[in-house]
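Protein chains: 2
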Amino acid sequence: MSTRVPAAKPMFQRVALIGIGLIGSSISHACRRAGLAHEIVGSARTLATVDTAKRLGLIDEGFASASQAVRGADLVIVCVPVGLCGAIAQEIGPSLSPGAIVTDVGSVKGAIVRDMAPHLRAGVHFVPGHPIAGTEQSGPESGFAELFDGRWCILTPPPQTDAVAIEKLKTFWQALGSNVEIMTPEHHDLVLAITSHLPHLIAFNIVNTAAHLERVTDSEVIKFSAGGFRDFTRIAASDPTMWRDVFLNNKDAVLEMLGRFQEDLANLQRAIRYGEGDELYAKFADARAIRRGVIQAGQDTAAPNFGRAPAAPKAVDAVPGAPGKPDTKR
Amino acid sequence: MSTRVPAAKPMFQRVALIGIGLIGSSISHACRRAGLAHEIVGSARTLATVDTAKRLGLIDEGFASASQAVRGADLVIVCVPVGLCGAIAQEIGPSLSPGAIVTDVGSVKGAIVRDMAPHLRAGVHFVPGHPIAGTEQSGPESGFAELFDGRWCILTPPPQTDAVAIEKLKTFWQALGSNVEIMTPEHHDLVLAITSHLPHLIAFNIVNTAAHLERVTDSEVIKFSAGGFRDFTRIAASDPTMWRDVFLNNKDAVLEMLGRFQEDLANLQRAIRYGEGDELYAKFADARAIRRGVIQAGQDTAAPNFGRAPAAPKAVDAVPGAPGKPDTKR
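Chains A and B are the protein sequences, given in the same order. The opening residue of the first sequence carries number 18 in my numbering; numbering runs sequentially from there. The opening residue of the second sequence carries number 18 in my numbering; numbering runs sequentially from there.
Isolated chain A (complex conformation) (with noise of 0.2 Å):
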């Protein structure tokens, strides 16, 4: 996390990071970690997320203005909530060098394309990107370098993007420890509709039935959460401003999706409702099939605690409460 790399021949001279939150701090420790900048300059929304950049060895200078931050980079990174990107693009539009590579983090490409695309000029290279790696925290100070490692990094250039800046960026996000993969935008907002943003809009919804039972109180909700349900209190813990704008902007693909998954859902209901026995043990038996191949394809492990604590010591005395048990379900 030291200031200035002695990287011999870093990938590029001046990365900006427009938006410092999770993942954009993360990028800045992945990218000291691998030296594939000379300096890595940013700008945020408040001055004080600027101030705790700086202070903690993320960005090397900061600026007020996502202009001022953009001038002289050579690759731009917008890692701001979707909805804001396009008057990002606006702002920084004329400010941006020729031959600069401006990307993004979003988790939407469609409406990115459209919002960012008519500001960035010709001379400059706009390809689009979204790491599909995070975690429930925001803020400057929930990165940490590993956060990309083994994970995959989709791009979706437009037809004309100079080939040569598309490697460019492949090779800066394999050094972040990704994979990559290229594919359309419209292709892409369809896969993480039901890969990402329906799971979210699930977790969001059932955490919000449960808040307001009256039979049921809140405290016992919480309290034998390790059944199931702790597992989306996690995952609906995400950021609300970022969730709020990729339902907003990817509102076609979600709204299949979830349509899909009502019929499925209220197929699954009538067989409780009936007692159809067969019918919801052939459904559940096929689900695990599919979480093996999550398991074969490195993207979770099959380690009975998930490594999610050490082992307690071998004795009885364990502390009531203790945080960080193995359980998931039941």
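One should not assume that every hint holds.
Copies of the same chain are indistinguishable here, so a pair counts whether it falls within one copy or spans any two.
As the list claims (entries may be wrong) - Derived SDA-like pairs (lysine to any residue); straight-line CA-CA distance at most 20 Å:
1) 268 x 226
2) 71 x 314
3) 185 x 55
4) 187 x 235
Honestly, the hints are just simulated from the structure, not real lab data. This one's a predicted model, so the numbers in the text were calculated from it and none came from an experiment.
Take the given structure of chain A and dock chain B to it, following the hints.
Same frame as chain A, now just chain B:
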């Protein structure tokens, strides 16, 4: 995991495990750890499981039938899917020793009382129980001694139950590492419907929805699962027989919670369709407060990586697709 515990005064002379899967085997491990039983015996649905349990040192003696296994036991723990508990009670009823405590570990309690109690004669102490702990693994090899540490175990004794027997079982579960709470079967079933049964139903459902998409391939769903879907696949990998029985036997409470969930989801769907950003933001922000409660109650860890994996080495050459990385969202 050695056989025969040398403890001077174990709580029970002979503990009989009827069913030796994830929970039964974990009880054995935790029981050995704390020296709670002079001997542990057991039976299982198949002789292969009995043999495995003996080989692993989970039981000192194995039996082909439940009625043989319970003879002379002062604690009988029925660890089979909820739907089999009635038949087991009928089978073991005549062979139970006077004064024995009979309990179970089922995720539903009203149906257990309904199905088991009629077969257990006076002089036998029936104290239904439910340890809220588990993993998505099953079978005798999946258990471990720490499973119950810091987790809750709910006991639902009928009104006339002997207070000494309840206290003894409570002490037993505390010695296994759990906190113990006592409530009625009806309230248990309502609390678990929202904290465990509905979350599992939703996880099973979204995994099935994903499996039937035409425009997104299975391999894409798996590859990009770190965006949130991954966590649902883990929950949905739980034992299908156990869960079929849960839904068949807690129908009313599950259908009530499911109805509320669907109403709330329809509201969110509408907010997305009409672009109501403030509404979405407010609902998502509420969910964060519940998460804070879960952390404070020690039922999960706030560590950014949930301890999912040790930090990657500080190098660029991370293995692509390496398992167990920290992310959960995006």
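Going down the list of hints, with the structure as the test:
1. Taking the closest pair of Cα atoms, residue 268 and residue 226 come within 20 Å of each other only across two copies (18 Å); inside a single copy the shortest separation is 22 Å, beyond that limit.
2. In this assembly of identical chains, the alpha carbons of residue 71 and residue 314 never lie at most 20 Å apart, being 38 Å within a copy and 35 Å across copies at closest.
3. For a Cα distance limit of 20 Å, the shortest separation of residue 185 from residue 55 inside one copy, 16 Å, qualifies, whereas the shortest one across copies, 67 Å, does not.
4. Taking the shortest alpha-carbon separations for residue 187 and residue 235, neither the intra-copy value of 46 Å nor the inter-copy value of 24 Å comes in at or below 20 Å.
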